[in-house]
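**Student:** Sequence:
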Amino acid sequence: MNKLIGILLILIVFISCKNAKKTKIESPVKTEFQEITNDNYELYKPTKNVKKVLVLFGGFPEKPEDIKREFKILEITKKKGIAVIYMNYNQKLWLEENEKQKLAEILQNIFIENKLPTNDIYVGGFSSGGNVALLICSFIIKNKEFKLEPKGVFIVDSPIDLVALYKSSEKKLSRNFSEISVQESTWIIETLGKQFGNPNNDISKYQEFSVYTSNTNNIDNIKDLKNTKIRLYTEPDTLWWKENRKADYDQMNAYYIKRLSESLKNSGFSKVEYITTNNKGYRANGDRHPHSWSIVDKDALIKWIMK
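Heads up: the sequence shown begins at -2 in this note's numbering, then just goes up one per residue.
Just so you know, nobody snuck in bad clues.
For lysine to any residue, the following SDA-like pairs were computed, each having C-alpha atoms within a straight-line distance of at most 20 Å:
no.: 1; residue 1: Lys202; residue 2: Thr188
no.: 2; residue 1: Lys69; residue 2: Glu29
no.: 3; residue 1: Lys255; residue 2: Ile272
no.: 4; residue 1: Lys97; residue 2: Asn140
no.: 5; residue 1: Lys97; residue 2: Lys220
no.: 6; residue 1: Lys99; residue 2: Ile109
no.: 7; residue 1: Lys144; residue 2: Val47
no.: 8; residue 1: Lys202; residue 2: Gly190
no.: 9; residue 1: Lys202; residue 2: Asn212
no.: 10; residue 1: Lys168; residue 2: Lys191
no.: 11; residue 1: Lys89; residue 2: Glu102
Note that these hints are calculated values from the structure, not bench results.
Please construct the entire structure, taking both the sequences and the accompanying hints into account.
**Tutor:** Written as C-alpha coordinates, this is what we have:
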(Lines of atoms letter the chains of each structure in order from A and count residues from 1; the text may use other names and numbers.)
(Lines give C-alpha, C1' and ligand atoms only; values in the text may rest on other atoms or scores of the structure.)
Protein backbone atom coordinates (compact mmCIF):
# COMPACT_ATOMS: atom_id res chain seq x y z
CA MET A 1 0.00 0.00 0.00
CA ASN A 2 2.78 2.40 0.96
CA LYS A 3 4.52 1.55 -2.28
CA LEU A 4 1.35 2.40 -4.25
CA ILE A 5 0.99 5.75 -2.44
CA GLY A 6 4.61 6.56 -3.23
CA ILE A 7 4.10 5.86 -6.92
CA LEU A 8 0.98 8.07 -6.97
CA LEU A 9 2.87 10.95 -5.32
CA ILE A 10 5.65 10.69 -7.91
CA LEU A 11 3.09 10.79 -10.72
CA ILE A 12 1.32 13.83 -9.22
CA VAL A 13 4.61 15.73 -8.87
CA PHE A 14 5.60 14.78 -12.43
CA ILE A 15 2.27 15.92 -13.88
CA SER A 16 2.41 19.18 -11.90
CA CYS A 17 5.91 19.92 -13.19
CA LYS A 18 4.82 19.13 -16.72
CA ASN A 19 1.84 21.49 -16.48
CA ALA A 20 4.00 24.23 -14.96
CA LYS A 21 6.44 23.94 -17.83
CA LYS A 22 3.62 24.15 -20.36
CA THR A 23 2.22 27.29 -18.70
CA LYS A 24 5.61 28.97 -18.98
CA ILE A 25 5.82 28.24 -22.70
CA GLU A 26 2.35 29.64 -23.31
CA SER A 27 2.92 32.87 -21.35
CA PRO A 28 2.65 36.09 -23.40
CA VAL A 29 5.77 37.21 -25.25
CA LYS A 30 7.11 40.64 -24.27
CA THR A 31 5.95 43.33 -26.70
CA GLU A 32 8.51 44.39 -29.29
CA PHE A 33 7.43 48.03 -29.23
CA GLN A 34 7.14 50.52 -26.42
CA GLU A 35 4.68 53.42 -26.37
CA ILE A 36 5.53 56.60 -24.47
CA THR A 37 3.13 59.52 -24.23
CA ASN A 38 3.44 62.95 -22.65
CA ASP A 39 2.44 66.56 -23.32
CA ASN A 40 5.09 67.17 -25.98
CA TYR A 41 4.96 63.98 -28.03
CA GLU A 42 3.99 60.36 -28.50
CA LEU A 43 6.79 57.89 -29.14
CA TYR A 44 6.60 54.37 -30.56
CA LYS A 45 9.96 52.64 -30.45
CA PRO A 46 11.39 49.12 -30.66
CA THR A 47 12.42 47.80 -27.24
CA LYS A 48 15.86 47.16 -28.73
CA ASN A 49 17.87 47.78 -31.91
CA VAL A 50 16.30 51.05 -33.05
CA LYS A 51 17.57 51.50 -36.61
CA LYS A 52 16.19 54.91 -37.54
CA VAL A 53 14.03 57.64 -36.01
CA LEU A 54 11.17 59.37 -37.82
CA VAL A 55 9.86 62.66 -36.39
CA LEU A 56 6.46 63.87 -37.62
CA PHE A 57 4.86 67.32 -37.35
CA GLY A 58 1.15 67.70 -38.07
CA GLY A 59 -0.74 70.45 -39.85
CA PHE A 60 -2.05 73.56 -38.13
CA PRO A 61 -4.63 71.93 -35.80
CA GLU A 62 -3.15 68.42 -35.71
CA LYS A 63 -2.18 66.60 -32.53
CA PRO A 64 -0.48 63.17 -32.42
CA GLU A 65 -3.79 61.29 -32.59
CA ASP A 66 -4.74 63.25 -35.74
CA ILE A 67 -1.44 62.42 -37.44
CA LYS A 68 -1.85 58.74 -36.59
CA ARG A 69 -5.37 58.73 -38.00
CA GLU A 70 -4.46 60.45 -41.27
CA PHE A 71 -1.02 58.90 -41.81
CA LYS A 72 -1.09 55.21 -40.93
CA ILE A 73 2.60 54.40 -41.11
CA LEU A 74 3.18 52.61 -37.78
CA GLU A 75 2.69 49.07 -39.06
CA ILE A 76 5.39 49.60 -41.68
CA THR A 77 7.85 51.29 -39.33
CA LYS A 78 7.45 48.49 -36.77
CA LYS A 79 8.57 45.94 -39.34
CA LYS A 80 11.66 48.01 -40.14
CA GLY A 81 12.76 48.83 -36.59
CA ILE A 82 12.04 52.54 -37.00
CA ALA A 83 11.03 54.61 -33.98
CA VAL A 84 8.32 57.20 -34.65
CA ILE A 85 7.89 60.45 -32.72
CA TYR A 86 4.55 62.23 -33.21
CA MET A 87 5.14 65.80 -32.12
CA ASN A 88 2.42 67.71 -30.29
CA TYR A 89 3.68 70.93 -31.85
CA ASN A 90 1.45 72.82 -34.26
CA GLN A 91 -0.08 76.17 -35.25
CA LYS A 92 3.23 77.43 -36.64
CA LEU A 93 3.60 78.80 -40.18
CA TRP A 94 7.09 80.05 -39.33
CA LEU A 95 9.53 79.85 -36.41
CA GLU A 96 11.13 82.71 -34.53
CA GLU A 97 14.77 82.22 -33.54
CA ASN A 98 13.89 81.58 -29.89
CA GLU A 99 11.25 79.05 -31.00
CA LYS A 100 13.84 77.16 -33.04
CA GLN A 101 16.13 77.07 -30.01
CA LYS A 102 13.38 75.81 -27.71
CA LEU A 103 12.12 73.19 -30.19
CA ALA A 104 15.66 71.93 -30.80
CA GLU A 105 16.10 71.53 -27.03
CA ILE A 106 12.80 69.63 -26.78
CA LEU A 107 13.89 67.26 -29.55
CA GLN A 108 17.32 66.81 -27.99
CA ASN A 109 15.73 65.87 -24.65
CA ILE A 110 13.40 63.38 -26.33
CA PHE A 111 16.36 61.59 -27.88
CA ILE A 112 18.41 61.61 -24.67
CA GLU A 113 15.58 60.52 -22.34
CA ASN A 114 14.52 57.67 -24.61
CA LYS A 115 18.04 56.59 -25.62
CA LEU A 116 17.31 57.01 -29.32
CA PRO A 117 20.07 57.01 -31.96
CA THR A 118 20.95 60.55 -32.97
CA ASN A 119 22.81 59.85 -36.20
CA ASP A 120 19.98 58.64 -38.46
CA ILE A 121 17.03 60.99 -38.09
CA TYR A 122 14.28 61.73 -40.62
CA VAL A 123 11.79 64.55 -40.15
CA GLY A 124 8.54 65.20 -41.99
CA GLY A 125 5.51 67.41 -41.79
CA PHE A 126 2.13 68.02 -43.36
CA SER A 127 0.99 71.52 -44.36
CA SER A 128 2.38 74.04 -41.83
CA GLY A 129 4.14 71.11 -40.14
CA GLY A 130 6.29 70.83 -43.25
CA ASN A 131 7.46 74.40 -42.74
CA VAL A 132 8.45 73.49 -39.18
CA ALA A 133 10.25 70.35 -40.38
CA LEU A 134 12.40 72.23 -42.91
CA LEU A 135 13.20 75.13 -40.60
CA ILE A 136 14.10 73.07 -37.54
CA CYS A 137 16.25 70.62 -39.52
CA SER A 138 18.25 73.45 -41.05
CA PHE A 139 18.67 75.02 -37.60
CA ILE A 140 19.81 71.77 -35.97
CA ILE A 141 22.29 71.01 -38.74
CA LYS A 142 23.78 74.49 -38.40
CA ASN A 143 23.98 74.29 -34.59
CA LYS A 144 26.12 71.24 -33.87
CA GLU A 145 25.76 71.52 -30.09
CA PHE A 146 22.44 69.66 -30.26
CA LYS A 147 24.25 66.55 -31.52
CA LEU A 148 21.29 65.54 -33.70
CA GLU A 149 21.87 64.51 -37.30
CA PRO A 150 18.87 64.77 -39.64
CA LYS A 151 19.63 62.69 -42.73
CA GLY A 152 16.40 63.52 -44.54
CA VAL A 153 13.39 65.83 -44.40
CA PHE A 154 10.10 65.80 -46.30
CA ILE A 155 7.07 68.05 -46.60
CA VAL A 156 3.50 67.32 -47.63
CA ASP A 157 1.84 70.17 -49.56
CA SER A 158 3.20 72.89 -47.28
CA PRO A 159 2.60 76.68 -47.61
CA ILE A 160 6.31 77.45 -47.86
CA ASP A 161 6.05 80.98 -49.31
CA LEU A 162 4.41 83.35 -46.82
CA VAL A 163 4.26 86.27 -49.25
CA ALA A 164 2.45 84.08 -51.76
CA LEU A 165 0.15 82.80 -49.00
CA TYR A 166 -0.85 86.36 -48.09
CA LYS A 167 -1.48 87.41 -51.69
CA SER A 168 -3.39 84.22 -52.47
CA SER A 169 -5.62 84.92 -49.48
CA GLU A 170 -6.29 88.42 -50.81
CA LYS A 171 -7.53 86.93 -54.09
CA LYS A 172 -9.74 84.42 -52.30
CA LEU A 173 -11.32 87.17 -50.22
CA SER A 174 -12.05 89.29 -53.28
CA ARG A 175 -13.74 86.32 -54.98
CA ASN A 176 -15.80 85.50 -51.86
CA PHE A 177 -16.40 82.00 -53.22
CA SER A 178 -16.96 79.84 -50.14
CA GLU A 179 -17.36 80.35 -46.41
CA ILE A 180 -14.43 78.11 -45.51
CA SER A 181 -12.16 79.89 -47.99
CA VAL A 182 -13.15 83.33 -46.68
CA GLN A 183 -12.64 82.32 -43.05
CA GLU A 184 -9.22 80.81 -43.71
CA SER A 185 -8.09 83.74 -45.86
CA THR A 186 -9.26 86.31 -43.32
CA TRP A 187 -7.30 84.59 -40.57
CA ILE A 188 -4.14 84.32 -42.72
CA ILE A 189 -4.18 88.00 -43.70
CA GLU A 190 -4.79 89.11 -40.11
CA THR A 191 -2.08 86.82 -38.70
CA LEU A 192 0.62 87.56 -41.27
CA GLY A 193 -0.27 91.24 -41.51
CA LYS A 194 -0.05 91.72 -37.76
CA GLN A 195 3.33 89.99 -37.58
CA PHE A 196 5.04 91.12 -40.79
CA GLY A 197 2.96 93.93 -42.30
CA ASN A 198 1.56 94.09 -45.82
CA PRO A 199 3.95 92.37 -48.28
CA ASN A 200 2.66 94.58 -51.07
CA ASN A 201 4.56 97.37 -49.33
CA ASP A 202 7.56 95.52 -47.86
CA ILE A 203 8.52 91.83 -47.95
CA SER A 204 11.66 92.07 -45.81
CA LYS A 205 10.05 90.65 -42.65
CA TYR A 206 8.41 87.85 -44.62
CA GLN A 207 11.72 86.95 -46.20
CA GLU A 208 13.35 86.85 -42.77
CA PHE A 209 11.08 84.03 -41.57
CA SER A 210 9.61 82.27 -44.61
CA VAL A 211 10.94 78.91 -45.79
CA TYR A 212 11.03 80.31 -49.32
CA THR A 213 10.32 83.66 -50.96
CA SER A 214 9.71 83.17 -54.66
CA ASN A 215 9.72 86.91 -55.45
CA THR A 216 13.40 87.11 -54.59
CA ASN A 217 14.26 83.42 -54.95
CA ASN A 218 15.35 83.44 -51.30
CA ILE A 219 16.14 80.11 -49.59
CA ASP A 220 18.38 81.45 -46.80
CA ASN A 221 16.29 79.92 -44.01
CA ILE A 222 16.94 76.37 -45.25
CA LYS A 223 20.39 76.83 -46.79
CA ASP A 224 21.97 74.40 -44.31
CA LEU A 225 19.98 71.51 -45.84
CA LYS A 226 22.23 71.47 -48.90
CA ASN A 227 23.65 68.02 -48.13
CA THR A 228 20.42 66.61 -46.68
CA LYS A 229 17.96 64.37 -48.52
CA ILE A 230 14.79 66.34 -49.26
CA ARG A 231 11.40 65.19 -50.54
CA LEU A 232 8.71 67.67 -51.58
CA TYR A 233 5.27 66.03 -51.93
CA THR A 234 2.29 67.74 -53.54
CA GLU A 235 -0.83 66.93 -55.55
CA PRO A 236 -1.41 69.73 -58.10
CA ASP A 237 -5.09 69.02 -58.77
CA THR A 238 -5.99 72.31 -60.46
CA LEU A 239 -9.55 71.17 -61.23
CA TRP A 240 -10.34 70.36 -57.59
CA TRP A 241 -9.00 73.69 -56.37
CA LYS A 242 -10.88 75.58 -59.08
CA GLU A 243 -14.18 73.83 -58.32
CA ASN A 244 -13.91 73.83 -54.52
CA ARG A 245 -11.98 77.04 -53.76
CA LYS A 246 -12.04 78.91 -57.08
CA ALA A 247 -8.25 79.04 -56.81
CA ASP A 248 -5.82 79.42 -59.72
CA TYR A 249 -2.66 77.33 -60.05
CA ASP A 250 -0.50 80.17 -58.74
CA GLN A 251 -2.61 80.22 -55.57
CA MET A 252 -1.83 76.58 -54.80
CA ASN A 253 0.96 75.31 -52.56
CA ALA A 254 1.95 73.00 -55.41
CA TYR A 255 2.99 75.94 -57.59
CA TYR A 256 5.49 77.26 -55.04
CA ILE A 257 6.73 73.82 -54.02
CA LYS A 258 7.68 73.20 -57.64
CA ARG A 259 9.47 76.55 -57.80
CA LEU A 260 11.29 75.77 -54.55
CA SER A 261 12.50 72.44 -55.95
CA GLU A 262 13.87 74.25 -59.00
CA SER A 263 15.56 76.92 -56.86
CA LEU A 264 17.17 74.32 -54.62
CA LYS A 265 18.49 72.27 -57.53
CA ASN A 266 19.83 75.40 -59.23
CA SER A 267 21.61 76.25 -55.96
CA GLY A 268 23.44 72.92 -55.84
CA PHE A 269 21.05 70.91 -53.66
CA SER A 270 21.63 67.54 -55.32
CA LYS A 271 19.40 65.40 -53.07
CA VAL A 272 16.05 67.06 -53.76
CA GLU A 273 13.06 65.10 -55.05
CA TYR A 274 9.89 66.87 -56.23
CA ILE A 275 7.10 64.29 -56.07
CA THR A 276 3.64 64.91 -57.54
CA THR A 277 0.65 62.60 -57.25
CA ASN A 278 -2.71 62.18 -58.95
CA ASN A 279 -5.98 61.45 -57.14
CA LYS A 280 -4.20 60.21 -54.00
CA GLY A 281 -5.45 62.91 -51.66
CA TYR A 282 -8.18 61.62 -49.35
CA ARG A 283 -8.86 62.26 -45.70
CA ALA A 284 -9.29 59.33 -43.31
CA ASN A 285 -13.07 59.82 -43.41
CA GLY A 286 -13.05 59.31 -47.19
CA ASP A 287 -13.39 62.96 -48.23
CA ARG A 288 -11.52 63.87 -51.40
CA HIS A 289 -8.89 66.54 -50.70
CA PRO A 290 -5.50 66.90 -52.47
CA HIS A 291 -4.19 68.66 -49.35
CA SER A 292 -3.82 65.45 -47.33
CA TRP A 293 -1.24 63.16 -45.71
CA SER A 294 -2.44 60.35 -47.98
CA ILE A 295 -0.60 61.66 -51.04
CA VAL A 296 2.57 60.16 -49.56
CA ASP A 297 3.34 56.61 -50.72
CA LYS A 298 4.29 55.16 -47.34
CA ASP A 299 6.19 52.14 -48.66
CA ALA A 300 8.26 54.32 -50.99
CA LEU A 301 8.93 56.76 -48.15
CA ILE A 302 10.23 53.97 -45.92
CA LYS A 303 12.51 52.71 -48.72
CA TRP A 304 13.89 56.26 -49.01
CA ILE A 305 14.48 56.35 -45.25
CA MET A 306 16.15 52.93 -45.20
CA LYS A 307 18.62 53.72 -48.01
